[in-house]
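Student: With the sequences and hints as input, model every part of the structure.
Protein chains: 2
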Amino acid sequence: MAEDEVQQAPVAMRAGWPGTYFAVIFTAQRTMSDENIYQITADRMVTLAQQQPGFLGVESVRGDDGIGITVSYWQDRESIRNWRINFEHLAAQQMGRKEFYDWYHVRTAEVVGHRTFDVSLDSDAGRDPEA
Amino acid sequence: MAEDEVQQAPVAMRAGWPGTYFAVIFTAQRTMSDENIYQITADRMVTLAQQQPGFLGVESVRGDDGIGITVSYWQDRESIRNWRINFEHLAAQQMGRKEFYDWYHVRTAEVVGHRTFDVSLDSDAGRDPEA
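Each protein sequence line maps, in turn, to chains B and V.
The working numbering numbers the first residue of the first sequence as 13 and each following residue consecutively.
The working numbering numbers the first residue of the second sequence as 13 and each following residue consecutively.
Label-pair restraints from in silico Cβ distances: (1) B/106 / V/124: 18 to 26 Å; (2) V/63 / B/94: 35 to 43 Å; (3) B/49 / V/51: 33 to 41 Å; (4) V/51 / B/51: 25 to 33 Å; (5) B/103 / V/76: 24 to 32 Å; (6) B/64 / V/30: 27 to 35 Å; (7) B/97 / V/94: 33 to 41 Å; (8) V/106 / B/52: 40 to 48 Å.
If you're looking for bench data, these hints aren't it; they were derived computationally from the structure.
Every value quoted in this text rests on a predicted model; they were computed, and no experiment measured them.
Cβ atoms here follow ideal geometry from the backbone N, Cα and C, with glycine treated the same way.
Tutor: Here it is in structure tokens:
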């Protein structure tokens, strides 16, 4: 999905996230398939994901070469599982394999450390200096 | 860093990765600071990271709006800690806060599931169907 379609969760919102949460890291190479159909599907998936219980936020960037990284954040693995088997999402995943992507990786990961820097706050704070 | 500067680890290599590994998810907003100095620094950091013990791979994309996501993969948290406090990397981090970024987030996460699709293999395999 295009970066301008995705809302970056503001820092303040992130500060209110649970102490334990999960990231789904999706890296993919777009095919040359129709951009409109892809974009409509991608936008719909963001809207749908945002409505799922346990959804915390999403960050997404795609470069000119068609390689994209989308990281979505979830309260627990149960939320991720439910999203994964959502009926409309399953159809989109099938479209993804048939039309949209040459390859993709989906990784689920438990976030164990988080540091944030914001120039307007002049801070680099976090609960895990090792990260 | 620009996407053309980063080597995507091929699927086969990833298949040989350890069963347990960690991801460092770096999301950032670039300032309008000089692109050349940034690019030289970013390229150097990729080269340096690749030389660190425990480094597995890196994926990086930046969009036209200057928002970028870089995910690097590491064997264990010790490797991440050592990279974090690498002398040259510490200097680059300081440059990052002073010059390169309006904001960034660094998250360390333990990868607990991984699925891969490759159109040339017609497969969607992984050790965690839930992901």
